[in-house]
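Protein chains in written order, with the UniProt record's numbering: chain S, 1 to 267; chain P, 1 to 267; chain Y, 1 to 267; chain L, 1 to 267.
Take the hints with a grain of salt, since some may be wrong.
No copy is singled out in the list; a pair is fine if it fits within one copy or between any two copies.
Claimed, not checked - Using 25 Å as the maximum straight-line C-alpha spacing, the simulated DSS-like pairs for lysine-lysine come out as follows:
#	residue 1	residue 2
1	Lys42	Lys156
2	Lys42	Lys146
3	Lys232	Lys156
4	Lys79	Lys44
5	Lys156	Lys228
6	Lys128	Lys11
7	Lys225	Lys156
8	Lys128	Lys79
Since the hints were made in silico from the structure, they are not lab data.
4 protein chains.
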Amino acid sequence: METFVKYFGEKPKLKNPVLIEGLPGFGQVGRLVAEHLVKELKGKKFAELYSPHFPPQVMINPGGTVDMITNNFFAITGKGKRDIIIVVGEAQAATITGQYEICTKILDVAQEFKVSDVITIGGYATGKLLKEPKVYGAGTSPALIKEFENYNVSFKSGEGEFRGGIVGASGLLVGLSQLRGMNAVCLMGETPGHPLLIDAKAAEAVIRVLSKHLKIEIQLGELDKRAKELEKFRVGLERMMRKMVKKEEETAEEGEKEEEEKTKYIG
Amino acid sequence: METFVKYFGEKPKLKNPVLIEGLPGFGQVGRLVAEHLVKELKGKKFAELYSPHFPPQVMINPGGTVDMITNNFFAITGKGKRDIIIVVGEAQAATITGQYEICTKILDVAQEFKVSDVITIGGYATGKLLKEPKVYGAGTSPALIKEFENYNVSFKSGEGEFRGGIVGASGLLVGLSQLRGMNAVCLMGETPGHPLLIDAKAAEAVIRVLSKHLKIEIQLGELDKRAKELEKFRVGLERMMRKMVKKEEETAEEGEKEEEEKTKYIG
Amino acid sequence: METFVKYFGEKPKLKNPVLIEGLPGFGQVGRLVAEHLVKELKGKKFAELYSPHFPPQVMINPGGTVDMITNNFFAITGKGKRDIIIVVGEAQAATITGQYEICTKILDVAQEFKVSDVITIGGYATGKLLKEPKVYGAGTSPALIKEFENYNVSFKSGEGEFRGGIVGASGLLVGLSQLRGMNAVCLMGETPGHPLLIDAKAAEAVIRVLSKHLKIEIQLGELDKRAKELEKFRVGLERMMRKMVKKEEETAEEGEKEEEEKTKYIG
Amino acid sequence: METFVKYFGEKPKLKNPVLIEGLPGFGQVGRLVAEHLVKELKGKKFAELYSPHFPPQVMINPGGTVDMITNNFFAITGKGKRDIIIVVGEAQAATITGQYEICTKILDVAQEFKVSDVITIGGYATGKLLKEPKVYGAGTSPALIKEFENYNVSFKSGEGEFRGGIVGASGLLVGLSQLRGMNAVCLMGETPGHPLLIDAKAAEAVIRVLSKHLKIEIQLGELDKRAKELEKFRVGLERMMRKMVKKEEETAEEGEKEEEEKTKYIG
Numbered sequence: 001m002e003t004f005v006k007y008f009g010e011k012p013k014l015k016n017p018v019l020i021e022g023l024p025g026f027g028q029v030g031r032l033v034a035e036h037l038v039k040e041l042k043g044k045k046f047a048e049l050y051s052p053h054f055p056p057q058v059m060i061n062p063g064g065t066v067d068m069i070t071n072n073f074f075a076i077t078g079k080g081k082r083d084i085i086i087v088v089g090e091a092q093a094a095t096i097t098g099q100y101e102i103c104t105k106i107l108d109v110a111q112e113f114k115v116s117d118v119i120t121i122g123g124y125a126t127g128k129l130l131k132e133p134k135v136y137g138a139g140t141s142p143a144l145i146k147e148f149e150n151y152n153v154s155f156k157s158g159e160g161e162f163r164g165g166i167v168g169a170s171g172l173l174v175g176l177s178q179l180r181g182m183n184a185v186c187l188m189g190e191t192p193g194h195p196l197l198i199d200a201k202a203a204e205a206v207i208r209v210l211s212k213h214l215k216i217e218i219q220l221g222e223l224d225k226r227a228k229e230l231e232k233f234r235v236g237l238e239r240m241m242r243k244m245v246k247k248e249e250e251t252a253e254e255g256e257k258e259e260e261e262k263t264k265y266i267g
Numbered sequence: 001m002e003t004f005v006k007y008f009g010e011k012p013k014l015k016n017p018v019l020i021e022g023l024p025g026f027g028q029v030g031r032l033v034a035e036h037l038v039k040e041l042k043g044k045k046f047a048e049l050y051s052p053h054f055p056p057q058v059m060i061n062p063g064g065t066v067d068m069i070t071n072n073f074f075a076i077t078g079k080g081k082r083d084i085i086i087v088v089g090e091a092q093a094a095t096i097t098g099q100y101e102i103c104t105k106i107l108d109v110a111q112e113f114k115v116s117d118v119i120t121i122g123g124y125a126t127g128k129l130l131k132e133p134k135v136y137g138a139g140t141s142p143a144l145i146k147e148f149e150n151y152n153v154s155f156k157s158g159e160g161e162f163r164g165g166i167v168g169a170s171g172l173l174v175g176l177s178q179l180r181g182m183n184a185v186c187l188m189g190e191t192p193g194h195p196l197l198i199d200a201k202a203a204e205a206v207i208r209v210l211s212k213h214l215k216i217e218i219q220l221g222e223l224d225k226r227a228k229e230l231e232k233f234r235v236g237l238e239r240m241m242r243k244m245v246k247k248e249e250e251t252a253e254e255g256e257k258e259e260e261e262k263t264k265y266i267g
Numbered sequence: 001m002e003t004f005v006k007y008f009g010e011k012p013k014l015k016n017p018v019l020i021e022g023l024p025g026f027g028q029v030g031r032l033v034a035e036h037l038v039k040e041l042k043g044k045k046f047a048e049l050y051s052p053h054f055p056p057q058v059m060i061n062p063g064g065t066v067d068m069i070t071n072n073f074f075a076i077t078g079k080g081k082r083d084i085i086i087v088v089g090e091a092q093a094a095t096i097t098g099q100y101e102i103c104t105k106i107l108d109v110a111q112e113f114k115v116s117d118v119i120t121i122g123g124y125a126t127g128k129l130l131k132e133p134k135v136y137g138a139g140t141s142p143a144l145i146k147e148f149e150n151y152n153v154s155f156k157s158g159e160g161e162f163r164g165g166i167v168g169a170s171g172l173l174v175g176l177s178q179l180r181g182m183n184a185v186c187l188m189g190e191t192p193g194h195p196l197l198i199d200a201k202a203a204e205a206v207i208r209v210l211s212k213h214l215k216i217e218i219q220l221g222e223l224d225k226r227a228k229e230l231e232k233f234r235v236g237l238e239r240m241m242r243k244m245v246k247k248e249e250e251t252a253e254e255g256e257k258e259e260e261e262k263t264k265y266i267g
Numbered sequence: 001m002e003t004f005v006k007y008f009g010e011k012p013k014l015k016n017p018v019l020i021e022g023l024p025g026f027g028q029v030g031r032l033v034a035e036h037l038v039k040e041l042k043g044k045k046f047a048e049l050y051s052p053h054f055p056p057q058v059m060i061n062p063g064g065t066v067d068m069i070t071n072n073f074f075a076i077t078g079k080g081k082r083d084i085i086i087v088v089g090e091a092q093a094a095t096i097t098g099q100y101e102i103c104t105k106i107l108d109v110a111q112e113f114k115v116s117d118v119i120t121i122g123g124y125a126t127g128k129l130l131k132e133p134k135v136y137g138a139g140t141s142p143a144l145i146k147e148f149e150n151y152n153v154s155f156k157s158g159e160g161e162f163r164g165g166i167v168g169a170s171g172l173l174v175g176l177s178q179l180r181g182m183n184a185v186c187l188m189g190e191t192p193g194h195p196l197l198i199d200a201k202a203a204e205a206v207i208r209v210l211s212k213h214l215k216i217e218i219q220l221g222e223l224d225k226r227a228k229e230l231e232k233f234r235v236g237l238e239r240m241m242r243k244m245v246k247k248e249e250e251t252a253e254e255g256e257k258e259e260e261e262k263t264k265y266i267g
C-alpha cells in the first residue's frame with residue numbers, strides 16, 4: 001500500500017485558496033484550531049489521505065463504526081476574499097520517512113488547487129502557563145513575516161536567544177513549501193508543553209491572528225467546548241490504556257525481556 | 001523479497017465465501033477462535049502469505065522440521081449456505097508499514113474469491129476476568145452492526161464512554177475492507193488483557209456469535225484442550241527465553257550500552 | 001543503494017557445491033566454524049555481499065585500512081566429493097526486512113551455483129556450560145534429518161518439550177531454502193548463551209558433525225587460537241565502547257531525553 | 001519523496017577537486033572543521049542534498065526564517081593546485097538505510113565532478129582531554145596512508161591494539177569510495193568523546209594536517225569563536241529541550257506506557 005489521496009466526487013472549485021494545517025502536537029493547538037475553523041466556517045470534507053506510515057490501527061466511533069487514521073482535507077468557500085483548504089486528522093506519520101512522504105502528498109494536493117500560501121499551526125512549548133499566551137512564528141519569506149508581525153506574531157529571537165526547531169508536519173510543510181516556491185508560515189501558540197493538556201487559550205490566540213490575516217470573523221464561543229471534547233477523547237484513550245497497564249505491568253516486563261532475547265537469539 | 005501469497009495447487013472454488021481472520025493478539029482470542037474453526041470444520045489450507053515484515057525467524061517443530069512465519073489461508077466448504085476462508089498464523093507484521101502491506105495482500109486474496117463480508121476476531125481488554133465475557137464489536141455498516149446486535153454483540157458505547165481503537169490486523173482489515181466496498185466487522189471477546197493468558201472463555205463467547213451468524217453448529221468440547229496446547233507453546237517459548245535471560249542479564253546490559261555507544265560513535 | 005553481490009573476476013566452477021553459512025550470533029559458534037573451515041580448507045573469496053541494511057559503519061584494520069561490513073562468499077574446491085561455498089561475515093542485517101532481503105540474495109548466489117544443500121551454523125543457548133556440548137539440529141526434510149541423526153545431532157524434542165525458534169540468517173536461510181526446493185539443515189552447538197563468550201567447544205562439536213557429513217578431515221588444532229583472536233576483537237570493541245560509556249554516561253542520559261523530547265516537540 | 005540533490009544555477013567548473021566531508025558527530029570535530037574551511041576559504045554553496053531520512057524537522061533562524069535539514073555542497077576554488085568540495089550539514093541520516101542512501105548520493109555528486117580523493121573528518125573518542133590531541137586516520141590505500149603518516153597522522157595500531165570502527169557518514173563514505181575506485185581517508189581528531197563538547201583543539205589538529213595536504217594556508221584565529229557559536233546553538237537546543245523535560249517528565253512516562261500498550265493492544 002502506498003500513501004494516497006481519495007477524493008469524494010468532484011473536486012471543489014476554489015478561489016485562490018490558502019492551505020491551513022493543524023495536526024496533533026503540543027497542546028493539541030494545531031488540531032484544535034483546525035477543527036474549530038472547520039466547524040465555525042462550515043468546511044466540507046472533499047478528500048482523505050491514507051498512508052501505511054500512520055499508526056496501524058483504527059478508531060471506534062461511539063456508534064460502533066470504525067475510522068481509519070487519515071489526514072482530511074476540508075474546503076471552506078465564500079467566507080472571505082479567498083477560499084480555504086483545512087488539513088486536519090487524528091495522527092501524524094509514525095515513521096521518519098513517512099513524515100516526509102505525507103507532507104509531500106499534502107503539498108501535491110495544495111498545488112493541484114494552485115495554493116500559493118501555506119499556514120501551519122502548532123504549539124510552542126515554553127514551559128509557562130499564561131493568561132495571554134503569545135503567538136510565535138517562523139516563515140519562508142521576509143514579506144510574509146512582516147505581515148504577521150503586524151498581528152503581533154513574534155518571529156525574531158532576542159540577542160543570542162535560540163529559537164530551536166519545529167518537528168513534524170508543521171515544520172516540514174513550511175520547509176517543503178519553500179522548495180516549491182510557495183509562501184509558508186508556521187504559527188505556534190505559546191503553551192506549557194504538557195502533551196495531554198488541550199490548550200484552548202493558545203488556540204484562541206492563534207485564531208485571532210488567523211482572523212486578521214484571512215479577514216474573516218471567527219466566533220470563539222464553542223472553542224472551550226471543543227477543547228473539552230478533544231480532552232475527553234484523549235483522557236478516555238489514556239484511561240483505557242491505564243486499565244491495561246495495571247493488568248499487564250509485571251507481564252509486560254517479562255514480555256520485553258522475551259522480545260529482547262528473541263532478537264538476541266540468533267542461532 | 002516482497003510480501004507474496006503462495007497457493008497450493010488449484011485455487012478452491014468457494015461459494016459466496018466470508019473471510020474470518022484470527023491472528024495473535026490480546027488473550028490470543030482471535031488466534032484460538034480461528035484455529036478452533038479450522039479444526040472443527042475441517043479447513044483445508046490452500047495458500048500461505050510470506051512477508052519480509054514478519055519477525056525474522058523460523059519456528060522449530062517437535063519433529064525437528066522448521067516453519068517460516070506465515071499467515072495461512074484455509075478453505076471451509078459445504079458446512080453452511082456460504083463457504084468460509086480462515087486467515088490464521090503465528091504472527092502479525094513486526095513493522096508499521098508491514099501491517100498495512102500484509103492486510104492489503106490478505107484483502108487481495110479475499111477479493112479474488114469475491115468475498116463480500118470480512119469478520120476479524122480479537123480480544124477486548126477490559127481488565128476484568130468474568131465467567132460470562134461479553135463480545136464487543138465494531139463494524140463498517142449500520143446494517144451489519146444491527147445483525148450482530150441481535151446476537152448480543154455490544155457496539156454502542158455508553159454516554160461519554162470512550163471506545164478506543166483496534167490496533168493491528170483486526171482493526172486495519174476492517175478499515176481497509178471499507179475502502180474496497182466490502183462489509184466488515186470486528187468481534188472482540190472481553191478479556192482481562194494479560195498477554196500470556198490464553199482466554200478460552202472469551203473465545204467461546206465469540207464462537208457462539210459466529211455460530212449464529214454462519215448458521216453452522218460448532219462443537220466447543222476441544223476448545224479448552226486447544227487453549228492449553230497454545231498456552232504450552234507460549235509458556236515453552238517463555239521458559240526458553242527466561243533461561244537465556246538469566247545467563248545474559250548482566251552482559252545484556254553491557255550489550256545495550258555497546259549498541260547505544262556504537263550508534264553514537266559517529267567518527 | 002540496493003543490496004548487491006560483487007564478484008571478483010571470473011565465477012568459480014564448483015562441483016555440486018554445498019553452501020555453509022556461519023554469521024555472528026550466540027557464542028559466535030557459526031562465525032567461528034565458518035572462519036575455521038575457510039582457513040583449514042584454503043577457501044578462496046570469490047564474492048562479497050553489500051547491503052544498506054548492515055550497520056552503517058566500517059571496520060578499521062590494524063594496518064589502518066578499512067573494510068565495509070559485508071557477507072563474504074568463499075569457494076573450497078578439491079577437498080571432497082563435493083565443493084563448498086562458505087558464507088561468513090562481520091554482521092547480520094540490522095533491520096527486519098533486511099534480514100529477509102540479505103538471505104534472499106545469499107540464496108540467489110547459491111542457486112546460481114546449483115547448490116542443492118544448505119547448511120547453516122549457529123549456537124543453541126541452553127544456559128549450560130558443558131565439557132561435551134551436544135549439537136542440536138532443525139531441517140527441511142525427514143531424509144536430511146535422518147542422515148544427521150546418524151552423526152548424533154539431536155532433532156527431536158522430548159515429550160511436550162518446546163524447541164523454540166531460530167532467529168536471524170541461520171533460521172531464515174533454512175526456511176527460504178525450503179521455498180526454493182533446496183534441502184537445508186541448521187546445526188546448533190550447545191552453548192551457555194553468553195553473547196561475549198566465543199565458544200570453541202561448541203564450534204568443535206559442530207565441526208566434527210560437518211567433517212562426517214562432508215567426508216573431509218578437518219584439523220582442530222588452530223580452533224582455540226582462532227577463538228581467542230575473535231575474542232580479542234570483540235573484547236577490544238567492548239573496551240573501546242566502555243571507555244566512551246564512562247565519559248558519556250551522564251550526558252548520554254541527557255542525550256536521550258533530548259531525543260525523546262525532540263520527537264515529542266511536534267510544533 | 002526521494003533523496004535528491006538540488007543545484008543552484010550552473011554547476012561550478014572545478015579543477016581536479018578533492019571532497020572533504022564534515023558532518024555532526026563526536027566532539028563536532030568534522031562539522032567544525034568543515035564550517036571553518038568554508039568560511040576561511042570563501043566556499044560558495046552550489047548544491048543541497050534533501051532526504052526523507054533526515055530528522056523530520058526544520059530549524060528556525062534567529063530572523064524567523066526556517067531551514068530544512070540538508071547536507072550542503074560548497075565549492076572552494078583558486079586557493080591551491082586543486083579545488084575543493086566541502087560537504088557540511090546539520091545532521092546525518094536518522095535511519096540505517098538512509099545512512100547508505102545519502103552517502104551514495106554524496107559520492108554521485110563527487111563523481112560528477114571527477115573527484116578522485118575523498119577526505120572525511122571526524123572525532124576519535126579516546127576518553128582523554130589533551131592539550132595536544134593526536135590525529136588518527138584510516139584509509140583505503142597504503143599510498144594514501146603513507147602520505148598522511150608524513151603529517152603525523154597515526155594509522156597503525158599497537159601490538160594487539162584494537163582500532164575499532166567508524167560509524168556513520170565519515171566511515172561509510174570511505175568504504176563506498178573504495179567500491180568506486182576513489183582514494184579515501186578518514187581523519188579523526190582525538191577528543192574526549194563528550195557529545196556536547198565542541199572540540200576546537202581537535203579540530204585545530206585536523207586542520208593543520210589538511211593544510212599540509214592541500215598546501216593551502218588556513219588561518220585558525222576564528223576557530224575558537226566558531227566553536228563557541230556552534231556550542232551556543234547546541235546548548236540552546238539543549239536548554240529548550242530541558243525546559244520541556246521539566247514540564248513533561250511525569251506525563252512523558254505515562255506517554256510511554258500509552259505507546260507501549262497501544263502497540264500491545266492488538267484487538
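Structure-based check of all given hints:
no. : hint            : verdict
1   : Lys42 x Lys156  : neither (35 Å within a copy, 28 Å between copies)
2   : Lys42 x Lys146  : neither (30 Å within a copy, 31 Å between copies)
3   : Lys232 x Lys156 : between (36 Å within a copy, 17 Å between copies)
4   : Lys79 x Lys44   : within (13 Å within a copy, 47 Å between copies)
5   : Lys156 x Lys228 : between (33 Å within a copy, 21 Å between copies)
6   : Lys128 x Lys11  : neither (43 Å within a copy, 49 Å between copies)
7   : Lys225 x Lys156 : between (34 Å within a copy, 23 Å between copies)
8   : Lys128 x Lys79  : neither (35 Å within a copy, 51 Å between copies)
Violated hints, in rising order: 1, 2, 6 and 8; the structure is consistent with all others.
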